[in-house]
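Make the full structure from the sequences, and use the hints.
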Amino acid sequence: MSVMRHCRQCRADAVGFLGDDRGQEFTMAKVEAMDVSCEPEKRKVYRELVEAGREAAREARSAARRETAGASPDAKILVAVATKGGGIVNEHFGHAREFQIYEVCATGAMFVGHRRVDGYCQGGYGEEELLDAVIRAIRDCVAVLVFRIGSCPRKALDAAGIEPVDRFAYEYIEKACLEYYKDRVQRSKEAEHLLQSSGTAGACVSLGREA
-11 MSVMRHCRQC
-1 RADAVGFLGD
9 DRGQEFTMAK
19 VEAMDVSCEP
29 EKRKVYRELV
39 EAGREAAREA
49 RSAARRETAG
59 ASPDAKILVA
69 VATKGGGIVN
79 EHFGHAREFQ
89 IYEVCATGAM
99 FVGHRRVDGY
109 CQGGYGEEEL
119 LDAVIRAIRD
129 CVAVLVFRIG
139 SCPRKALDAA
149 GIEPVDRFAY
159 EYIEKACLEY
169 YKDRVQRSKE
179 AEHLLQSSGT
189 AGACVSLGRE
199 A
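Each residue of the sequence shown is one higher than the one before, starting from -11 at the first, in my numbering.
Just so you know, the hints here were simulated from the structure itself, not pulled from any lab data.
Please read these numbers as outputs of a predicted model, since none were measured by experiment.
Every residue, glycine too, gets a C-beta built ideally from N, C-alpha and C.
No false leads were slipped in.
Straight-line distance between alpha carbons at most 25 Å, and here's what the computed DSS-like set of lysine-lysine pairs gives:
#	residue 1	residue 2
1	Lys143	Lys170
2	Lys64	Lys177
3	Lys72	Lys143
4	Lys170	Lys64
Here are the simulated distance ranges between beta carbons:
#	residue 1	residue 2	range
5	Glu43	Thr95	15 to 23 Å
6	Glu151	Met22	54 to 62 Å
7	Glu47	Arg124	35 to 43 Å
Laid out in structure tokens, this is it:
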């Protein structure tokens, strides 16, 4: 059996660039002679920072769950989140290429999937057709949590029945989702109280989207 050869375009077995093979600089003899420092102190500091971030996220989740403990666990909503990663709300609505979707109830926020979209902002300008597609992608969500959002997409989302929320910028996602849920529960209770005070019989206020 003949040995496979990589084409010049690929050269997956090479070190360097096309036309500039630097393989001889990294022979086993030279690698073994290298003075490699793993800098344990820097690694320790990094690990401590990572663990501190995880602990902060755990505390944020616990605090948010305590605040929503009185709500019915059966009342669930879907919330879209614009994030660059790190478990926080940190992406501009117009720059988002995907939205993470969370199912939120009194006991927690559970990641259920993501929706890929084309960025609404193109070269600093918003494309109406792209905005319509983004709204369709998250149409079953009651809200979208973002780092920032412009006035035009804000109005379009409101008109579609999706609440744009930018007050949780740089918050941990689960904490933000649960705090939003708590606020929505409170608003629903206030709306129900107003309906009852006005004498509207059989009034029912829902946390979710209307069918």
